[in-house]
Amino acid sequence: MGSLSSSQPASAATWLFQRIETVLGLKLDANGIKEKQLMESFNMTCKLVTARIVEPWLQLDALYKLLPYQRTFEKNKEILRRFVKEIIKEKRKQIKDNIKIDTGDTKSMKSFLELHIESSGVDGRFSDEELLEESLVMLLAATDTSAVGLCFTICLLAKYPDVQEKVFQE
1 MGSLSSSQPA SAATWLFQRI ETVLGLKLDA NGIKEKQLME SFNMTCKLVT ARIVEPWLQL
61 DALYKLLPYQ RTFEKNKEIL RRFVKEIIKE KRKQIKDNIK IDTGDTKSMK SFLELHIESS
121 GVDGRFSDEE LLEESLVMLL AATDTSAVGL CFTICLLAKY PDVQEKVFQE
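All residue numbers for the sequence shown refer to my numbering, where the first residue is 1 and numbers rise by one.
Quick caveat, the hints were computed from the structure, so don't treat them as lab data.
Keep in mind it's a predicted model, so treat the numbers as computed, not measured.
From the three backbone atoms N, C-alpha and C, an ideal C-beta is built for every residue, glycine too.
Label-pair distances were calculated between CB atoms; the ranges are:
{"no.": "1", "residue 1": "Glu-165", "residue 2": "Gly-32", "range": "51 to 61 Å"}
{"no.": "2", "residue 1": "Asp-29", "residue 2": "Lys-93", "range": "19 to 29 Å"}
{"no.": "3", "residue 1": "Leu-66", "residue 2": "Gly-121", "range": "40 to 50 Å"}
{"no.": "4", "residue 1": "Gln-94", "residue 2": "Trp-57", "range": "41 to 51 Å"}
{"no.": "5", "residue 1": "Gly-121", "residue 2": "Glu-165", "range": "51 to 61 Å"}
With a Cα cut of at most 30 Å, we get these calculated DSBU-like pairs of lysine-lysine:
{"no.": "6", "residue 1": "Lys-93", "residue 2": "Lys-110"}
{"no.": "7", "residue 1": "Lys-47", "residue 2": "Lys-36"}
{"no.": "8", "residue 1": "Lys-34", "residue 2": "Lys-96"}
Model the full assembly from the supplied sequences, consistent with the hints where possible.
Here it is as structure tokens:
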């Protein structure tokens, strides 16, 4: 996986950074070191998930765990999780200390994470782990959902010719 550079489409970074702003309430600088690492981890995680879906030999857990794919996936997943955990910790502190969250925009709205933290009240009904999982789902759910779903459907149809024939007849 190469580094984020001018040869990489800006739209991938822009898409991710917009989602981070909406979900986590954080504006990122595409040229920052931390942001580049985040983007690289995000891209690698997406590539590895897609590879595992479309390459049948990677679907076997026993084999997958022996290959370097899983270690690379786990390393990059942890980078993403650590990033979101830090943001959750910061947002909880800001909300607890009643610090105005400055987004630099006069007509700003609260992020998904801020709303979740505030709605959990002083007793903190949402744990940090629950907030982490919800935030990651919101960040990653829209990523190539249709393409991956369609690819997986095609793989399943190829695996089950009788079902493929029924779909064709419909």
